[in-house]
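Taken in order, these protein sequences are the chains called A and B. Position in the first sequence counted from 1, then plus 11, gives you my numbering. Position in the second sequence counted from 1, then plus 11, gives you my numbering.
Treat the hints as calculated values from the structure; they're not laboratory data. You may find that some hints are simply not true.
One copy or any two copies: either way a pair holds, since identical chains are not told apart in the list.
[As the list claims (entries may be wrong)] DSS-like cross-link-like pairs, simulated, lysine-lysine; straight-line CA separation at most 27 Å:
(1) Lys105 to Lys117
(2) Lys80 to Lys150
(3) Lys80 to Lys117
(4) Lys20 to Lys105
(5) Lys105 to Lys150
(6) Lys138 to Lys108
(7) Lys20 to Lys133
(8) Lys20 to Lys80
(9) Lys20 to Lys108
Number of protein chains: 2
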Amino acid sequence: MLSDEHFMKQALVQAQQAFDAGEVPVGAVVVINNRIIARGYNQVEQLNDPTAHAEMIALTAAFSFLGAKYLPDAALYVTVEPCLMCAGAIYWSKLGKVVWGTDDEKNGHQRSTGAQSPFHPKAVIRKGVLAAEAAELMKQFFRERR
Amino acid sequence: MLSDEHFMKQALVQAQQAFDAGEVPVGAVVVINNRIIARGYNQVEQLNDPTAHAEMIALTAAFSFLGAKYLPDAALYVTVEPCLMCAGAIYWSKLGKVVWGTDDEKNGHQRSTGAQSPFHPKAVIRKGVLAAEAAELMKQFFRERR
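So here's chain A without its partners, still in its complex pose:
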């Protein structure tokens, strides 16, 4: 079994792609059976669509690849804490596992939902994986923008 850190590194590669494209650097991958089946990075500016978050793009690619609308056997790795919208999408996808890197104090879902988890009751949730790397990429992005 490959580690959560292994797959988060691949999500960070996606986040770097977002960074290079001038997008807020968030990346995601979807994994089934130790294999990446879908990738996504934030494309809000490129697609002119504020819902084009890394998670939404990776999930839509996963549904399309699998021809399935539920992903109980899949894990989503995303570099930054999902927002409310993405937390809702994760819920609807019935993802078996969700792993994120750094928390997002401004736009993360935890701020809105508080103690009540918005995820599927059976979902395994892990956070803080390679959090420093994900946070550093975000900091660098916003530093250069100022």
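Please arrange chain B on chain A, whose structure you already have, making use of the hints.
Chain B in isolation, oriented as in the chain A frame:
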């Protein structure tokens, strides 16, 4: 000025389209300056994508039509209370106004976010518009499914 009821009737036409396609009957329209610029109905089954809610489809059509990723001058009319995902999408869109019909006690965002509104602080929110019609369509759908 055309009324909220007028535009909600158009959202109900969309919901009926979802119904006729065997989808959970939810419909939405986006309005700017008294004119409908985008429409959407639930297409979760057709697109095999649990994020293909009426609101997401109508909003993505609106971004595309306007070439803009924020909609402060627009109003979204949707027949059923937005879920957590759609509430998040509405937040990111900076919609000026949101109107829905019937509450959704199971999957509506109010259940998860409680007293704290997930919408943009300046957004005008109205609910209960043609709620009985929207609720009846939902009831009829689930009655026929049993």
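Quick rundown of the hints versus the structure:
Proximity of lysine 105 and lysine 117 under a CA criterion of 27 Å is satisfied in both settings, with 25 Å inside one chain copy and 16 Å between copies. In this assembly of identical chains, the alpha carbons of lysine 80 and lysine 150 lie at most 27 Å apart only when taken from different copies (24 Å versus 35 Å within one copy). In this assembly of identical chains, lysine 80 and lysine 117 lie within 27 Å of each other by CA distance solely across copies; the values are 20 Å between and 30 Å within a copy. For the identical chains of this complex, lysine 20 and lysine 105 are intra-copy neighbours only, at 24 Å inside a copy versus 33 Å across copies, given an alpha-carbon limit of 27 Å.
Only between protomers do lysine 105 and lysine 150 lie at most 27 Å apart by alpha-carbon distance; the minimum there is 24 Å, versus 31 Å within a single protomer. Taking the shortest alpha-carbon separations for lysine 138 and lysine 108, only the intra-copy value of 11 Å comes in at or below 27 Å, while the best inter-copy value is 35 Å. Taking identical chains as interchangeable, the C-alpha atoms of lysine 20 and lysine 133 lie at most 27 Å apart only when both belong to the same chain, with a minimum of 25 Å there against 39 Å between chains. For the homomeric pair lysine 20 and lysine 80, the shortest alpha-carbon distance inside one copy (26 Å) is at most 27 Å, but the shortest distance between copies (30 Å) is not.
In this homomeric assembly, lysine 20 and lysine 108 come within 27 Å of each other (Cα to Cα) only inside a single copy, at 17 Å, whereas the closest approach across copies is 40 Å.
Checked against the numbered hints given earlier, this structure breaks none of them.
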